[in-house]
Each structure stands twice: as structure tokens, then as C-alpha cells.
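Trainee: Sequence:
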Amino acid sequence: MAESDKRSIRLTIPQRIIAVCGTAFVVGATIGTMRGGRAASLRFLAENAHRPPTTVQGWYFYKKTKNYKVMLGGLKGAAIEAGRLTALSLAYVGIEEGLEQTGWHRMKEVGAGVGTAVVFSAVCRSASCWGNDDADWDIDRLPAQMAARTIALGGIVGGVMTGLEWGREREKPAGAPEAV
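In this text, residue positions in the sequence shown follow the working numbering: the first is 170, and each later residue adds one.
Heads up, none of these hints are tricks.
What follows is a list of derived Cβ distance ranges for each label pair:
1. T234 - T271: 53 to 63 Å
2. Y237 - H274: 47 to 57 Å
3. A188 - W273: 20 to 30 Å
4. R337 - A215: 46 to 56 Å
5. L322 - R220: 43 to 53 Å
6. A313 - A215: 27 to 37 Å
7. F230 - V292: 38 to 48 Å
8. Y229 - T181: 50 to 60 Å
9. R220 - T181: 57 to 67 Å
10. V195 - G332: 24 to 34 Å
11. K175 - M315: 47 to 57 Å
12. I249 - S177: 36 to 46 Å
Straight-line distance between alpha carbons at most 16 Å, and here's what the computed EDC-like set of lysine to aspartate or glutamate pairs gives:
13. K238 - E216
14. K235 - E216
15. K232 - E216
Since the hints were derived computationally from the structure, they do not count as laboratory data.
Here a beta-carbon is modelled for each residue, glycine too, at the ideal position from N, C-alpha and C.
Use the sequences and the hints to build the structure in full.
Mentor: Here it is as C-alpha cells:
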């Protein structure tokens, strides 16, 4: 073994983390682009409804400005939604991998579902406590009853995932390789 091989640090990242977080990023970016672009379009129309252009050149610049605002809003929305969904998926996979490493591999999906729901509920419940009194924070705030439902739903989804995993293990032939 060469001297450089002995000193190098090797970090193995499970393929599941890359696949789940990458998919969550793409889905979040797609959703955010659509929502952000639509919201920016409606905002531009509302802000400029009282002064429509009267000339051909005015309409040209009106449409051009609107298109740029829609693109910028779509990019901002994509960044926000992709970040949120990627963080949630990273929490799910991280909790699942942590439970796998600590020996709870039979119930890792249930634990990951409940853990992610608890993280999501805690973040949404504390959103209004961050010192920002805007009305937007009240929309994102999760009532206690809804937080309990979210945690229960996380447990149900985790239970379904566990059942599917057990069914897949049962149907797998004896010498079949492990799936991702």
C-alpha cells in the first residue's frame, strides 16, 4: 500500500442518501419554479393593474419586464422549495441510517417517518417564534392538533414502508443481491 493511501480519508456515503436527496432536490426545484413563477406573475399583474401601457413600445417593455420578474420569482421559488424538500429528505434518510447503525434496522422506516414528522412539526410550530411578525409566518404555523396528525401520518407511512420492505425480503430469492 502506498503512503498516500494510508493517509487518505475514505468516506462512504450510501447510495440511498444520494438518490433520495437528489430526487427531492429535483422535485422541489420543479415545484418551486412553478409556484414561484406563478406567484411572481400574479404579483406583477396586481402591482401594475392601475397603469396599463398605452403604446406598442410600452406593451413590449411591460411584457419583457413581466417575463424577467416571472423568471426571477421562479428561480427564487425553486431555491426555497428545493432546499426545504432536500433538508426534509436528508433528515428522513439520516434518521433512517442512524437507526440502521444503532441496531434498529427492523423498524427504521417507522422511526424515520415519525422522526421526520417531529422535525417538520417542530420547525413549523416555532416559525412564528423567530422574531418575525409578518402575516406569512402565521400561514406556515402548524397548530398542535395538526402537528399530532402529522406525526401520526409519519408513523403510518413508516409502517407502510416497513411492510413493503418485509414483503420484498420475503419474495426475494435466497442468493439475490441487495437492492439500493
